[in-house]
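Peer 1: So the chains spell out like this:
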Amino acid sequence: MELNLLTLCYLIGSLTFIVGLKMLAHPESARKGNLVAAVGMTIAIFGTIFLYQEDGQKLHNYGWIFGALALGTLVGFVVAKKVQMTAMPEMVSLFNGMGGACAMLISIMEFKHITDHAFVWEGVSSLPGFMLIVGNINHLHMLIIVVGMVIGSVSFSGSMIAWGKLNGKVKDLNYNGQTYVNLALLLALVGLCSWYVYHTPISSADVGGIGFTLTDGTVATHGLQPIQIYLFYGILALALVYGVMFVLPIGGADMPVVISLLNSFTGMAAAFGGFLYGNQVMLTGGILVGAAGTLLTLLMCKAMNRSLQNVLLGAFGSAAKSGGGAGAKEQGNYKEISLSDAATVMAYANKVMIVPGYGLAVAQAQHTCHELEKTLEEKGVEVKYAIHPVAGRMPGHMNVLLAEADVSYDKLLEMEDANEEFKTADVVLILGANDVVNPAAKNDPSSPIYGMPILEVENAKTIIVNKRSMKPGYAGIENDLFFAPKTSMLFGDAKAALQKLLAEIKSV
Amino acid sequence: MVQSLFDWFTLHIEMVYIVILSIFLGIEVIGRVPSVLHTPLMSGANAIHGVVIIGAIIVMGRVEPDNYLALVIGFLAVVLGTLNVVGGFVVTDRMLEMFKKKKNTSAK
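As given, the protein sequences belong to chains Z and C, one line each in that order. Numbering follows our numbering, with no gaps: position 371 of the first sequence is 371. Heads up: take any position in the second sequence, counting from 1, add 1000, and you land on our numbering.
Looking at chain Z on its own, in the form it has when it is part of the complex (with noise of 0.2 Å):
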């Protein structure tokens, strides 16, 4: 390898990598850090599309190529300034299928390159209509091309239905077995992913032919059969299928885990591109965000107390079944709150906290939260945040959310110093959050979430539940907390509870 312009591109472009990933763990350079990745990338685009040769022949289709980019950023830059807030979670896992579904198209243009290129060849006559490949590809290079495509299908497919589920269009769906036919599809994939490659492409060495030799000298001597071809196609909709598979019954609980497994998926299948192509910017881009990607869940599952595979197997969708019975037990009764009490409670209590959970979002209440909490402290009430870290749809999805609303940083309390408060607060108000503060994750090992940390809001004097009804949260399971003697409820959206709570409290 020479050290010419565009290997320099790419050096930089690798670089504001990681330099922009360090940035952005840290909150003051977490802006720069993006905008410098951003940058890194628009030099290793523009690098690439002007200076990259093979075979000292440059690229070309150049209209095509920017009729694409343009295209591709503008719709990306206005979808991505549409967007409410509210939807990142959704956001992020569209752009990361969008990722994927590039990698498998990838793959599947190299494999159509190489197929477009080979001739008939006759020589073998154990193999009728045998074709012979031009050019050196051998079973790596098979190796890299299908792996990349399973990947890159694997998280495209995936991210559409995490997509789906996150804003609601897509169900969960189990049933009996699921568990056993999404592992035999798996088995399935894997099996015939490794007998594939191992088979393809043949030496014609193997099969009695001797190789044709072209007009330039080479020798072509590798070639594969028809059955083949139709096969790789096979491997694409079997991926697919999976992807679907693999997330369909994953419930909402789990679904940041997912996405961002599903993000470093897409990170290994850049990866793979960039061994096809030799490529160092490709490779570390994709290795980097793999590797990060792969963590950030290992970090998440530990916040749920859950394994990853105990994520990935549905274990959680036949664990909630057999916690069935559990559920079905006498609950007792809740009582219910009226507006007016509620208002008197929070407006002269000394320091109220309030946990938000996926309900604020879905009912865009933040900025009527950020506004209660302002009354509350003109009232001299002393306010602060609980955030649970897998409290709504992707870790951190409330700091975001409360963030945008322009609540200060030094309110929002992480779970263990939230932990410590609770017992010095005399209202917990729970606005939309359910699973979190659920007690059974403490003290019933029969529960699906048993295990999992969770806001100990119990030990505040008065908690009162904001939720639109009785129905259980996302992970399907009753809350005992609800019919605890010092919980009462506000039923109704979020935000319609929340400004009449407001409007109550500055007339008290």
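Some clues are possibly wrong.
[As the list claims (entries may be wrong)] Restricting the straight-line Cα-Cα distance to at most 20 Å, the calculated cross-link-like pairs of lysine to any residue (SDA-like) are:
hint, chain 1, residue 1, chain 2, residue 2
1, Z, Lys112, C, Tyr1068
2, Z, Lys22, C, Leu1069
3, Z, Lys81, C, Glu1097
4, Z, Lys81, C, Tyr1068
5, Z, Lys82, C, Arg1094
6, Z, Lys335, Z, Phe483
7, Z, Lys112, C, Leu1069
8, Z, Lys22, C, Arg1094
9, Z, Lys58, C, Arg1062
[What the hints assert, rightly or not] Label pairs and their computed distance ranges (CB to CB):
hint, chain 1, residue 1, chain 2, residue 2, range
10, C, Val1016, Z, Leu214, 30 to 38 Å
11, Z, Val207, C, Ser1004, 12 to 20 Å
12, C, Val1016, Z, Phe483, 34 to 42 Å
13, C, Asp1066, Z, Thr179, 48 to 56 Å
14, Z, Ala205, C, Pro1034, 54 to 62 Å
15, Z, Gly123, C, Glu1028, 50 to 58 Å
16, C, Val1002, Z, Gly135, 21 to 29 Å
17, C, Glu1028, Z, Val219, 44 to 52 Å
18, C, Asp1066, Z, Phe46, 36 to 44 Å
Keep in mind that the hints were calculated from the coordinates and are not lab data. Note that beta-carbon positions come from the ideal geometry of N, C-alpha and C, so glycine has one too.
Please arrange chain C on chain Z, whose structure you already have, making use of the hints.
Peer 2: Okay, now just chain C, sitting in the frame of chain Z:
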């Protein structure tokens, strides 16, 4: 098969180095992130794996100008890759913009 694997390693040893070092770097970089920044970080990482677009540009750029099926697939690949890159960076920037604004007000 073993011989070809060995040859491949020798030929691509620098790539193997990149992979191993990048794995450790990725883990190291993310290990120190406060959980507040998890979502923006995931989103930023999401934009960075959009680097796959470079592969799409390379495939696209060497398609024969009369192979329309391949051109259309390549076009689609480049569009999707661009969506990933541009959308990813813009969304991340929007998230972080809010953090910054809030940081300033709390500093006042």
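Peer 1: When the hints from earlier in the document are held up against this structure, which numbers fail?
Peer 2: 2, 4, 12, 18
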